[in-house]
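Numbering follows UniProt numbering, with no gaps: position 104 of the sequence shown is 104.
Take the hints with a grain of salt, since some may be wrong.
Unchecked claim - Cβ-Cβ distance ranges computed for the label pairs, FRET-style:
id, residue 1, residue 2, range
1, Thr68, Ala100, 26 to 36 angstroms
2, Pro55, Gly184, 19 to 29 angstroms
3, Pro78, Gly184, 20 to 30 angstroms
4, Ser65, Ile212, 34 to 44 angstroms
5, Ala21, Ala121, 23 to 33 angstroms
Calculated from the structure, these hints are not laboratory results. Where is the CB? At the ideal position from N, CA and C, for every residue including glycine.
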Amino acid sequence: MRLISWNIRAGGGRRVAGIAAQLQRWQPDIVALQEFRGTAPSQQLAQLLAELSLPCQLSTVDPESPATNALLLASRYPLRATRAAAAPDNRPRWLLAKIACERPFIIGVMHVPNAVSGRKAPFHDAVLHLAQRWRRGPALFVGDTNTGISGIDDVTHVFSAREEAWMHGLQAAGWRDVFRDWHGDKRVYTWYSPNAGNGFRLDQAFVNTRLIDWVSGIHYAWGVDDHAPTRRDALSDHAALILDLT
1 MRLISWNIRA
11 GGGRRVAGIA
21 AQLQRWQPDI
31 VALQEFRGTA
41 PSQQLAQLLA
51 ELSLPCQLST
61 VDPESPATNA
71 LLLASRYPLR
81 ATRAAAAPDN
91 RPRWLLAKIA
101 CERPFIIGVM
111 HVPNAVSGRK
121 APFHDAVLHL
131 AQRWRRGPAL
141 FVGDTNTGIS
151 GIDDVTHVFS
161 AREEAWMHGL
171 QAAGWRDVFR
181 DWHGDKRVYT
191 WYSPNAGNGF
201 RLDQAFVNTR
211 LIDWVSGIHY
221 AWGVDDHAPT
231 RRDALSDHAA
241 LILDLT
């Protein structure tokens, strides 16, 4: 089974056909998109994904605010939205669902707010609290966390002690950063600052102890089309996270 998490930047815009084509080449069974919107391009993308055998879909789009960044979960397996009392109280940026595949599991898709919004710390606290209290079987949390550990996930040491504590707290609660489990301290960046070009690994997948043995691989990839062969011309400003499960 292949799961792809990808921040598609501002709803996809004119890039949606290229995004869909790239996803088709990656051959996912489940796709979790951040910065999905209720706008026409995003809705076109959802339809394209349905045509690519990912017809089971859930989104956090608010119809009254279609331009707000939200999430889309698209799957070839049936999905059922679920709730958790300790989950973040930020509907557009958090989605919890059960994947009804041969070995069912729960996925939490997230897009953690930036620190300047004032909502990052409460979001972090809620996710960590949920992870610490988790008693619901195999699960993974995935998405754009806007977070990392200085010295290995950035160039310029921008992550705060509080942000690093969140990453370490998930690990202590039994939720493994899958990329670090597989690749150690390897430096790979999933987003680059537009002006200085500094790199950051902002996109992660965390799995609990009930699911860790299912992981068969993880890597990042930049989505490109035939007319944009380099990262600077990529389909999104974020690399996609590609997680393979047995």
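Structure-based check of all given hints:
1. Thr68 - Ala100: 26 to 36 angstroms: This hint holds: roughly 29 angstroms between Cβ atoms.
2. Pro55 - Gly184: 19 to 29 angstroms: Since Pro55 and Gly184 have Cβ atoms about 38 angstroms apart, the given range 19 to 29 angstroms is violated.
3. Pro78 - Gly184: 20 to 30 angstroms: About 36 angstroms separates the Cβ atoms of Pro78 and Gly184, which means 20 to 30 angstroms is violated.
4. Ser65 - Ile212: 34 to 44 angstroms: 37 angstroms, holds
5. Ala21 - Ala121: 23 to 33 angstroms: 38 angstroms, violated
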